[in-house]
Amino acid sequence: MAAAAAFFGRVGAYAYFVGDFVVAVRRHGVPWRLVLQEAYSIGVRSLPILLIIAGFVGTNLALQGYFAFKPLGGSRLVGMFVSLAGVRELAPIIAAAMVAAKAGTEMASQIGVMRIREQIDALEVMAVNPMAWIIAPRLVGIMLVLPALTVISTFMMVGAGLLVSVVQLGVPGEIFLELASQGISAPDFLYGQVKALIFGLIICTVSCYFGFTCERGPEGVGKATNQAVVTSAVICVVLNYFLSEVFYGGAH
Amino acid sequence: MSAPPPTAPAPAAPPLPTAAPAASAPLLSMAPMADNLAAIGRFGVFAGQVAARALRRPFFWGPLLAHTWVTSVRCLLPVVAVTTPFGMVIALEGLEIFGLFGAQRMLSSLVSVAVLRELSPVLASVLIAAQGGSSCAAELGAMRIKEEIDATEVMAVDGIQLHVVPRVLALTIACPMLNVVGSFSGLAGGWFTAVVLKGEKSGIFMANLWALATPMDVWGGAIKTTVFGAVIGLIAAYHGYYATGGAAGVGRAVNDTVVHSVLVFITFNYLLTSALFAGATP
Amino acid sequence: MLQNTISDGVLHVADPEPAPPPPLIRLRGLTKSFGPNTVLNNVSFDIPEGRTTAIIGPSGTGKSVMLKHIVGLIRPDAGEVLCFGTDMARAPEPALYAARRRMGMLFQDGALFDSFTVGENVAFPLVHHAPQMSEDERRAKVNEKLALVGLPGTYERATASLSGGQRKRVGLARAIIMEPEIVLFDEPNSGLDPITSDAIDQLICDMKQALGVTFVVITHDIVGTVRVADYIAMLYRGDLIAWGPTAEVLRAEHPVLRAFLQRNLILPPAGGSGDARLPAVQ
Numbered sequence: 001m002a003a004a005a006a007f008f009g010r011v012g013a014y015a016y017f018v019g020d021f022v023v024a025v026r027r028h029g030v031p032w033r034l035v036l037q038e039a040y041s042i043g044v045r046s047l048p049i050l051l052i053i054a055g056f057v058g059t060n061l062a063l064q065g066y067f068a069f070k071p072l073g074g075s076r077l078v079g080m081f082v083s084l085a086g087v088r089e090l091a092p093i094i095a096a097a098m099v100a101a102k103a104g105t106e107m108a109s110q111i112g113v114m115r116i117r118e119q120i121d122a123l124e125v126m127a128v129n130p131m132a133w134i135i136a137p138r139l140v141g142i143m144l145v146l147p148a149l150t151v152i153s154t155f156m157m158v159g160a161g162l163l164v165s166v167v168q169l170g171v172p173g174e175i176f177l178e179l180a181s182q183g184i185s186a187p188d189f190l191y192g193q194v195k196a197l198i199f200g201l202i203i204c205t206v207s208c209y210f211g212f213t214c215e216r217g218p219e220g221v222g223k224a225t226n227q228a229v230v231t232s233a234v235i236c237v238v239l240n241y242f243l244s245e246v247f248y249g250g251a252h
Numbered sequence: 001m002s003a004p005p006p007t008a009p010a011p012a013a014p015p016l017p018t019a020a021p022a023a024s025a026p027l028l029s030m031a032p033m034a035d036n037l038a039a040i041g042r043f044g045v046f047a048g049q050v051a052a053r054a055l056r057r058p059f060f061w062g063p064l065l066a067h068t069w070v071t072s073v074r075c076l077l078p079v080v081a082v083t084t085p086f087g088m089v090i091a092l093e094g095l096e097i098f099g100l101f102g103a104q105r106m107l108s109s110l111v112s113v114a115v116l117r118e119l120s121p122v123l124a125s126v127l128i129a130a131q132g133g134s135s136c137a138a139e140l141g142a143m144r145i146k147e148e149i150d151a152t153e154v155m156a157v158d159g160i161q162l163h164v165v166p167r168v169l170a171l172t173i174a175c176p177m178l179n180v181v182g183s184f185s186g187l188a189g190g191w192f193t194a195v196v197l198k199g200e201k202s203g204i205f206m207a208n209l210w211a212l213a214t215p216m217d218v219w220g221g222a223i224k225t226t227v228f229g230a231v232i233g234l235i236a237a238y239h240g241y242y243a244t245g246g247a248a249g250v251g252r253a254v255n256d257t258v259v260h261s262v263l264v265f266i267t268f269n270y271l272l273t274s275a276l277f278a279g280a281t282p
Numbered sequence: 001m002l003q004n005t006i007s008d009g010v011l012h013v014a015d016p017e018p019a020p021p022p023p024l025i026r027l028r029g030l031t032k033s034f035g036p037n038t039v040l041n042n043v044s045f046d047i048p049e050g051r052t053t054a055i056i057g058p059s060g061t062g063k064s065v066m067l068k069h070i071v072g073l074i075r076p077d078a079g080e081v082l083c084f085g086t087d088m089a090r091a092p093e094p095a096l097y098a099a100r101r102r103m104g105m106l107f108q109d110g111a112l113f114d115s116f117t118v119g120e121n122v123a124f125p126l127v128h129h130a131p132q133m134s135e136d137e138r139r140a141k142v143n144e145k146l147a148l149v150g151l152p153g154t155y156e157r158a159t160a161s162l163s164g165g166q167r168k169r170v171g172l173a174r175a176i177i178m179e180p181e182i183v184l185f186d187e188p189n190s191g192l193d194p195i196t197s198d199a200i201d202q203l204i205c206d207m208k209q210a211l212g213v214t215f216v217v218i219t220h221d222i223v224g225t226v227r228v229a230d231y232i233a234m235l236y237r238g239d240l241i242a243w244g245p246t247a248e249v250l251r252a253e254h255p256v257l258r259a260f261l262q263r264n265l266i267l268p269p270a271g272g273s274g275d276a277r278l279p280a281v282q
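Chains as they are written, first to last, in our numbering: chain A, 1 to 252; chain B, 1 to 282; chain C, 1 to 282.
Keep in mind the hints are simulated off the structure, nothing from the lab.
Quick caveat: nothing in here was measured; it's all calculated off a predicted structure.
Every residue, glycine too, gets a C-beta built ideally from N, C-alpha and C.
The reader is advised that the hints may include incorrect statements.
Just so you have them, the derived chain A footprint on chain B, three or more residues with Cβ under 8 angstroms [said to hold, decoys possible]:
| hint | segment |
| --- | --- |
| 1 | 113-120 |
| 2 | 134-146 |
| 3 | 260-273 |
Sample of chain C residues with no beta-carbon within 10 angstroms of chain A, all distances over it, derived [unchecked claim]:
| hint | residue |
| --- | --- |
| 4 | P23 |
| 5 | G35 |
| 6 | D46 |
| 7 | F84 |
| 8 | A147 |
| 9 | R251 |
Extracted from the complex, chain A is given alone in its bound form (with noise of 0.2 angstroms):
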């Protein structure tokens, strides 16, 4: 029970540490010179891994696929199971649990040091607003980087996946590519997108609330980051669940 009770502490707490954010937003306005440093250290230092890992993740989508449609005879629909999951689902996700991963334990460790090294009560005693201060430029960097992370990583995942196919497990290329564009449409990018934009919204918050509540000495700050990539990627893939049910579970 206490365990519960400390669970829904943290909710509450959380919730309470947002609704600060807003106010504090209102009130003193987004930094707006600081945006851009943010989104392209965001952005551009989780580039690299994330290609990588979503090169990998493709690949694997063209051998699952494979195997489990050879049975059937439907070996060909490899590449529209590597769209649909790609666009609809793997790569929302994936580029979300890279940031959260990189770009996400980074602010926690960066505003855990500036608390116990007192420099956001410093903030406070300077009549700056830390939230407004430090948040805001995250929050709206990683609202600009992760729908552009979300399409690269698309992208890359098809192409991957393509590259397996045709050289590994000997699906002609146009059936490949033919079959990707039939298994998905317009609207399936645009809910990737909102997917995008609120996972960033989660990763940003949840990352910065456990950076603002970093308990003192070098413990504390790698328990804060340690929280806060765990707890964003549970949010994420929970979340993940219920947007796709409401994108795509009723459609068909």
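With chain A held as given, fit chains B and C onto it using these hints.
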């Protein structure tokens, strides 16, 4: 009224040449590559040291059991919380694809193959990297910064043997166990979506569950996750054990652990999937 | 102007004023607990305008917590903190920020932003609160304050390259950049060697003369405190056990107070008169 000050303010240090701000390195440059190669070499040496000490007495059973228990418990909830929705999503999208051929009854075969071969091993490993690996790096990093590891060495106890080996082994043991849990919760998620939400027949779902999956899928997942558990443990311990630079260094160690282990293991996963399953499929 | 001096191992403490100037900060019934620990227990006293007040006491007696109440970083369980007539315990954010713009605070380790240069750190409050100021004016003002703290010509220096004493000086320059009416110091001597520590005390004495603003210093460094302080408040286990002009506090009879001060000073007889002396070693 005031006597001359007994101490003059210390003379100001001459301005040093300002260190160039750590601007992001150009995307294509040889220097980071050389650094990375050197880091891989150091990692190899560290892994060798850990392996050598794992086989040498004394063996710290108490810490091993404690770390295994703590890691498993800590990672359990995240693994379940992530594999279940993923199983549900697979069922959701799978129904649509199988609907094209009117073969919805084959859904559970796809779900079981996907969950057992890929989803559960991959997600269990990613979450163990994110939760177990990163807290291992955080603990070791904090111990390094607070000089606890130096203190261990000064007391003539091998730091790697006492602090690192049990943690690495604990992750190696916990990862396949959590994979089993993840497999069950992934299949349960798929069943829930197909049967409860979408009205497929439970009997058909269960009957076709093993149509495509083979014992090799289960063993393959177990082998993969054991290897990944060890790799995650070594990467986390390496970053934590050699953390420098105060609290910020601990944060950096945790970040590097998550990123590097996910990177390494997604790469290996492709190779292992090709090797383990390509031949085994009918 | 009151001024305490040290010469020939004797600490000459200025005679108390007939009456303290009107208070700028008033603490009334301040009470704060963290869980079962009562850190501040119904503390009330005034901090007079234009004077230096030291808050002393052993570690863990709520000195830093009191300072954080004065700047409104912590809200008390009961009682009020009036700065310039604003109740920092209850004021809404705009009023709180308006009051804070009239204060400056030096944090224990400076709390500087390592990604900025020294000059950018000092300029930070100006950038936010005086955006109409031109770049040249701002630079001139920052250089003036850096010179005042004994670090001229360090505008472009990387913050990460500063020593502990230099960080405090830069933190002090940042605290006074907005020409505040109150400057608060959190342990200005902690973690410094005796020479640097003396230099910081001297800096405080010099600035007291030059700026004529209200200083609040939290410390457990007795000699430094007695040198800079016009008024002393002593906290012990959450209670205020002494408050008054320095000369009177040195002669007070409270046993804990005397034990605390006698670690570093040879005190005048209780209730008597005369100057305190430094131990012979110095």
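Exercise for review: Any hints from earlier that this structure breaks? Give me their numbers in increasing order, please.
Suggested key: No numbers; nothing is violated.
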